[in-house]
Amino acid sequence: MELKEILEQQVEVKNYKNDKPCDFRKLLKRADSGNVKAMYDAVQTINYNGLAGEDPDDEMLQRQLAYIKKLTKIKRYKYMCIFMGDAYAKGTGVKKDIKKAIHWYKKAAKAGTKFGNECIGMIYFNGTEVPADYEKAYAYFTRDDGNKSFCTRYALGEMYRLGLYVEQDVQKAWDYYTGIATDRSPYYELDDYYWRACYRLGSLYLDTAAELIDTAKRIFDERGYEAIATDITKREIDQKWKLVKKAATDPRVN
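Counting from 1, position 148 in the sequence shown corresponds to residue 150 in the working numbering; the numbering is continuous, with no gaps.
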């Protein structure tokens with residue numbers, strides 16, 4: 003979107019921190035003058051208000067990328083390398099180039115932003131513009147210690163569930179999905195991978211429950227307690243049923 007268009011249409015631009023009206027013209031003027039904090043605020047404000055268009059020549063999009071690139075040179079904002087990597091990975095405002103995306107993600111990782119390695123791992127996991135390589139994906143996913151993003155934990159869960167490069171281990175997959183479903187990080191419910199993990203948990207639980215039902219019925223049938231067996235199994239399933247319903251009713255779940 004053009005700045006002139008925003009101002010002429012009297013589009014209300016809100017502060018990303020408190021959702022109050024923002025003097026956008028003044029903010030951009032400070033950012034264009036080289037004020038680092040203003041550049042950062044401008045990037046976040048453009049994102050928050052959805053002011054950047056999809057057209058590669060869109061003024062707001064190009065302004066945003068220019069600010070991001072400048073911020074990547076400042077130690078405090080090195081994690082902005084992730085934003086540049088995302089731009090090249092998606093072809094947002096620049097020509098899509100996975101090699102350049104990986105270059106920027108590596109810069110982020112080298113500067114201490116652990117998510118950089120995870121982003122590269124997702125490229126190899128999904129086979130984005132490169133052949134899927136689960137060995138490389140696993141190596142990048144596990145390169146850094148500490149808590150990992152929802153998307154990485156979900157991908158690791160999938161690898162263990164399906165036996166992709168690693169030995170199949172449904173319990174480990176369950177643990178990764180559970181870690182996501184019980185994580186209460188800010189805005190967790192807005193993350194697609196939260197819902198995907200809930201869906202996987204529900205699916206795994208019901209698959210296991212089906213086996214338990216058959217086994218329980220067989221055992222209790224022999225003793226004449228079929229009704230009790232069914233009731234006991236149902237109570238077990240009900241403990242997890244909320245996860246299934248939440249996932250099944252969310253349109254973001256694939």
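Among the clues, some could well be false.
DEER-style ranges, computed between Cβ atoms [claimed, not checked]:
| # | residue 1 | residue 2 | range |
| --- | --- | --- | --- |
| 1 | LYS72 | TYR18 | 15 to 21 Å |
| 2 | ALA141 | GLN64 | 33 to 39 Å |
| 3 | LYS101 | ASP59 | 22 to 28 Å |
| 4 | ASP59 | LEU9 | 16 to 22 Å |
| 5 | LYS101 | GLY52 | 28 to 34 Å |
| 6 | GLY165 | LEU192 | 56 to 62 Å |
| 7 | THR184 | LYS72 | 36 to 42 Å |
| 8 | LYS101 | LYS75 | 19 to 25 Å |
| 9 | LYS31 | LYS101 | 33 to 39 Å |
Just so you know, these hints were derived from the structure itself, not from any lab. The beta carbon of each residue, even a glycine, is placed where N, CA and C say it ideally should be.
Against the structure, the hints come out as follows:
1. A hinted range of 15 to 21 Å for the beta carbons of LYS72 and TYR18 is consistent with their spacing of about 19 Å.
2. Taken as a hint, the range 33 to 39 Å holds for the pair ALA141 and GLN64, whose Cβ atoms sit roughly 35 Å apart.
3. Taken as a hint, the range 22 to 28 Å holds for the pair LYS101 and ASP59, whose Cβ atoms sit roughly 23 Å apart.
4. Roughly 19 Å separates the CB atoms of ASP59 and LEU9, a value that falls within the hinted 16 to 22 Å.
5. At roughly 29 Å, the beta carbons of LYS101 and GLY52 sit within the given window of 28 to 34 Å.
6. For GLY165 and LEU192, the hinted distance range of 56 to 62 Å is not satisfied, since their beta carbons lie about 31 Å from each other.
7. Distance hint check for THR184 and LYS72: the Cβ-Cβ separation is about 39 Å, which falls inside the suggested range of 36 to 42 Å.
8. The supplied range of 19 to 25 Å is met by LYS101 and LYS75, whose beta-carbon atoms lie about 21 Å from each other.
9. Range check, LYS31 to LYS101: about 36 Å between beta-carbon atoms, so the 33 to 39 Å window is met.
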